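The listed protein sequences correspond, in order, to chains A and B. With UniProt numbering applied, the first sequence corresponds to residues 1 to 368, in that order. With UniProt numbering applied, the second sequence corresponds to residues 1 to 368, in that order.
Hints were generated in silico from the structure; no laboratory data involved. The structure displayed is predicted, hence computed values, not measured ones. We treat Cβ as the ideally placed atom computed from N, Cα and C, and that holds for glycine. Hints are supplied without guarantee of correctness; some may be wrong.
Residues from chain B that face chain A, not an exhaustive set, calculated with beta carbons under 8 Å [unchecked claim]: (1) L78; (2) G82; (3) D84; (4) T109; (5) H185; (6) L255.
If you anchor each label on the Cβ, the simulated ranges turn out as follows [to be verified]: (7) B:I360 to A:E14: 38 to 44 Å; (8) A:R11 to B:D211: 32 to 38 Å; (9) A:A18 to B:E142: 54 to 60 Å; (10) B:G117 to A:G270: 25 to 31 Å.
Where chain A lies over chain B, by a calculated footprint (3+ residues, C-beta under 8 Å) [stated by the list, open to error]: (11) 97-107; (12) 172-180.
Spelled out from the first residue to the last, the chains are:
Protein chains: 2
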Amino acid sequence: MSEVYATRRMRVRERCNAAGAAAALVSRPANVRYLAGAAPHGAVLLLGKREDLLVCAGPPDDRPTEGRLDEALRVHALPRPGGDPAVAAADLATGQGADSLAVEEHHLTVARHRAIGSVVPRLRLADLGGAVEQLRVVKDEEEISCLRIGAEIADQALGELLESILVGRTERHLALELERRLVDHGADGPAFATSVGTGPHSGRRGHRPTDRRVEEGDFLSVCLGATYRGYRCEIGRTFVIGTSPADWQIELYDLVFAAQRAGRESLVPGAAYRDVDRAARQVLDSAGHGEGLPPLTGHGVGLEIDEDPQLAPAAMGKLDACVPVTVEPGVHLPGRGGVRIDDTLVVRPEADGGPELLTITTKELLAL
Amino acid sequence: MSEVYATRRMRVRERCNAAGAAAALVSRPANVRYLAGAAPHGAVLLLGKREDLLVCAGPPDDRPTEGRLDEALRVHALPRPGGDPAVAAADLATGQGADSLAVEEHHLTVARHRAIGSVVPRLRLADLGGAVEQLRVVKDEEEISCLRIGAEIADQALGELLESILVGRTERHLALELERRLVDHGADGPAFATSVGTGPHSGRRGHRPTDRRVEEGDFLSVCLGATYRGYRCEIGRTFVIGTSPADWQIELYDLVFAAQRAGRESLVPGAAYRDVDRAARQVLDSAGHGEGLPPLTGHGVGLEIDEDPQLAPAAMGKLDACVPVTVEPGVHLPGRGGVRIDDTLVVRPEADGGPELLTITTKELLAL
């Protein structure tokens with residue numbers, strides 16, 4: 001694995017040098033983990049002129065951190081707690097002969113940036129921008145394999161829940177039960193706060209579970225994901241409770257299903273992000289649900305649950321192969337509820353069979 | 001409640017005006033919630049010259065946000081998603097006639113700060129610093145009451161766990177079980193990731209639960225907390241598994257207990273933060289455990305689990321009445337395990353009975 005991290009760091013260094021900076025400081029935790037294998041709390045990564053260093057907030061304690069640190073990487077621990085590793089790293093960069101340092105301006109606070117400027121005034125500070133995030137968009141097969149295992153775990157947890165009795169249980173309890181099952185099946189933990197919405201809450205993106213109980217006749221929307229070796233996937237399904245869904249429920253379900261399928265089918269290398277969004281959105285739009293749709297139809301996943309790309313009307317860029325994204329259109333009718341269907345897929349060339357569906361739980365409308 | 005929020009906002013505005021800024025922009029979510037009653041995702045609070053505004057990232061959706069927004073506060077929603085509420089708020093500040101705006105430089109990123117500067121170049125940007133955090137240190141009785149209820153919930157969850165069979169269960173499962181019980185008893189959710197450490201993992205601050213199972217003869221350390229109406233408390237206890245603790249276990253427990261008591265007893269209005277830390281630390285130090293102690297003995301709690309003050313060797317400042325803090329010394333012996341004892345208490349004058357202990361689970365060494 002060490003080689004993988006070294007290659008990633010080399011690519012960031014190349015971009016950074018091309019932009020005229022001698023060294024780079026990576027502070028965003030997911031970026032640190034991507035380049036170093038692990039991100040101990042508060043640690044930053046210096047890509048220096050002579051050597052890369054992981055700079056940590058205090059003496060290494062024996063707390064397990066998520067991930068495994070690249071053994072080839074030297075760790076520099078601040079001698080006493082309370083110091084800012086970013087400031088120390090800037091100082092170390094100068095020590096290695098760098099006269100300029102690219103920092104993640106979208107992550108570093110103004111206060112930390114100022115502190116670097118005042119402690120190491122000779123150092124010219126530049127912006128690394130989203131260079132590491134851009135590298136993270138296309139995944140290697142090792143990363144995709146982690147996502148695939150996470151998706152299997154989420155499918156298992158969801159499948160088991162569906163075999164249990166649901167009527168009378170609260171959204172909160174169903175969410176906790178799902179999270180317990182994720183861990184049972186080997187997840188590091190949930191990939192994000194599990195969302196369970198019943199009745200009027202169903203179909204809402206990111207609904208926080210309440211004490212509402214599942215009732216006969218409800219739509220039940222569930223959205224969950226597993227983290228596996230740091231990689232986060234997402235699955236969302238909507239079910240109907242009771243034996244006979246109402247006509248409006250069947251209609252709405254079919255509509256969202258058609259939108260989600262349209263989105264999935266447009267996942268080909270070279271497709272514009274906005275076209276994937278439009279494919280799904282226009283199905284809902286033409287059925288009169290254009291108002292109040294969520295701002296995006298899907299997004300990248302990886303070390304964070306919400307990564308680039310954004311599949312949204314104003315998004316710029318095109319899909320590459322090996323980019324895992326969600327496709328998650330939904331409609332929520334205030335006071336009545338709604339439907340969301342959410343898959344994680346990996347973009348693959350048609351020659352390889354087209355998009356690879358990671359979350360394989362059925363998307364038929366199940367009456368539970 | 002609306003009056004409480006208006007008073008808090010007035011106090012921030014006073015500090016901000018005293019520092020020469022006409023308006024203030026609050027972006028840190030816990031600070032937004034403190035001043036507005038709720039912090040919808042991405043929302044910022046403008047304390048303007050003419051009017052205070054909550055500026056939200058998109059049209060208000062019907063998702064429940066934690067907390068209840070102050071009804072007296074006007075909400076300004078950005079017409080389309082993707083914009084930065086901080087930039088919009090700066091623009092609105094100018095519209096109200098402000099020529100200067102104090103921002104939270106310790107929270108705002110360099111990129112957002114720059115975006116404000118380029119969209120509203122006439123506006124002079126100043127630093128609000130930790131003004132809101134400082135206000136948050138001393139709690140009112142309403143806030144303390146939320147912490148007290150949260151502590152009762154945590155005590156209940158812990159008490160129930162102790163009645164169950166522990167041997168053979170994994171750290172992960174015990175942690176999930178505790179979190180489920182917190183929610184059962186009415187918590188919004190856990191206040192932080194529940195820590196359960198057995199055997200060699202016991203006594204570690206912030207230990208992440210693993211698949212290690214509880215064994216006869218182990219120390220078992222548990223640290224959990226409930227969030228109630230946004231307020232977060234913390235309790236930590238160490239138990240011994242089996243009927244007869246070893247001599248070293250009893251000795252170590254007594255030592256940490258003595259250190260924790262010394263810390264608790266030093267919680268009086270006017271005591272220096274560092275003196276509280278020293279009271280606990282020197283007990284451990286003089287027993288030869290000075291090396292490897294965590295950098296702090298305790299910290300404030302409230303809307304965040306780790307707030308000011310820090311009870312640490314280099315901390316500056318003195319305790320006031322009505323400041324809730326944790327006292328949580330611990331010793332971890334690599335390879336063997338250790339003991340941590342952690343309470344949440346509210347500093348009270350001696351005339352009122354001295355420090356109020358919120359987490360009342362016994363601190364006797366229980367053999368389970």
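*Which numbered hints turn out to be false for this structure?*
Hints 1, 3, 5, 6, 7, 10 not satisfied by this model.
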